[in-house]
Amino acid sequence: MSRNTLEKVLYDLSTSGAHKKKFAEDPETFLSRYQLVEDERALIRDYKVRALADLGVNTMLTWGFWLQAGKSNREYLKVMKREEA
Amino acid sequence: MATIVGGFVAPHNPVMYFNPQGASQEQSDACYAAYAAMAERIKALEADAAIVIGCDHYILFGTECLPPYVISTGEIEGPVDQLPGLRRKPLPSHGALGEHIAKVGRETGFDWTVGRALNVDHSVAVPNHLMLEPTGRDIPLVAVMLACGVDPYLPMKRAWDLGEHIADAVASYPGTERVVVIGSGGISHHVGDERMGEVNPEFDRRILDIVTRGDKAAMLALSDAEILREGGNGAMEIRTYACAMAATRAAGGRVIGYEPVEGWVTGMGFAELEVAA
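Chains as they are written, first to last, in the numbering used here: chain A, 1 to 85; chain B, 86 to 362.
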């Protein structure tokens, strides 16, 4: 697992509208540009922010990544606190 | 020569802008009154330049390059992360003062990364909006960005040394500017982790006490582990306070306001720093 490239993807998604659009349209194609293995791609594709944070990914990025998808802050905190159903 | 005539520490909380209802009316009023009081002090000090010490939030600098400390030497624009009521725009800049500080740094052991046309985030734009613009003096600023939000963090000692270097450099600037220094950051706050929303008033008051006593030893004794445990990842921003304290020669100061605002996820502390003669 590479925290560095995971952070690079989340940084790109948080700072570029064009990247956000490409990710939303076709996550697999977008993620194929990065040096990630399948497990890592799945963490991003499936918004596994708790797992990403557990790998050391900066939580400023995981929070922004979650919110940019239109997901709620309440749900984010439930996931981070491991309270999700 | 230019003179540092005042210093301040204050939060740059973006939640105030996108969720103003998160605070009670009383807490919100108290925070905005503190910003207004600082603006009045800056006006009374007849400041005509400001050095705003902020920090990146993984918005400006990415994994490709993570600089420990950055200074503006030309135009400034921001905030990149626009907020309701705080749109991205050119900010008044004192490029010559920033370039002078960077030049002195290169000669004395501080290899600044320079932003010749620097974009800033809310950590610079909020103090400009709430502390400098209300003075009506169109105060040009130098933006300093410390690595407080993304590891590797700038060591607290290095932040302090950087502040002393800024003081020396301002004193050798061939101008008559009256400069205020602003350390921009929240005290306890957790950004994006499972403790987001927790505020630690005991830790916050301890930090304000250190700041207003000008206690260098106590500031430098704070370990990253302790700050993260007691104040959260956002509290790493108190490096900006250390830098501002050192730039004013750690002469102490006074608390202007403090509010533990859980709805704004931050211990909001405001203080004025005295400047040593």
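Check the hints yourself; a few may be wrong.
[What the hints assert, rightly or not] Some chain B residues near chain A, calculated using beta-carbon distances under 10 angstroms:
(1) 142
(2) 143
(3) 148
(4) 152
(5) 235
(6) 276
(7) 281
[Stated by the list, open to error] Taking lysine-lysine and the BS3-like style, the derived pairs with C-alpha atoms no more than 30 angstroms apart in a straight line are:
(8) A:48 <-> A:78
(9) B:128 <-> A:20
(10) B:174 <-> A:8
(11) A:71 <-> B:174
No wet-lab data here; the hints were simulated from the structure.
Model, not experiment: these values are computed from the prediction.
Glycine residues also receive a C-beta, built at the ideal position from the N, C-alpha and C atoms.
Going down the list of hints, with the structure as the test:
no., hint, in the structure
1, 142, "holds (6 angstroms)"
2, 143, "holds (5 angstroms)"
3, 148, "holds (4 angstroms)"
4, 152, "violated (15 angstroms)"
5, 235, "holds (6 angstroms)"
6, 276, "holds (5 angstroms)"
7, 281, "holds (6 angstroms)"
8, A:48 <-> A:78, "holds (12 angstroms)"
9, B:128 <-> A:20, "violated (43 angstroms)"
10, B:174 <-> A:8, "holds (27 angstroms)"
11, A:71 <-> B:174, "holds (29 angstroms)"
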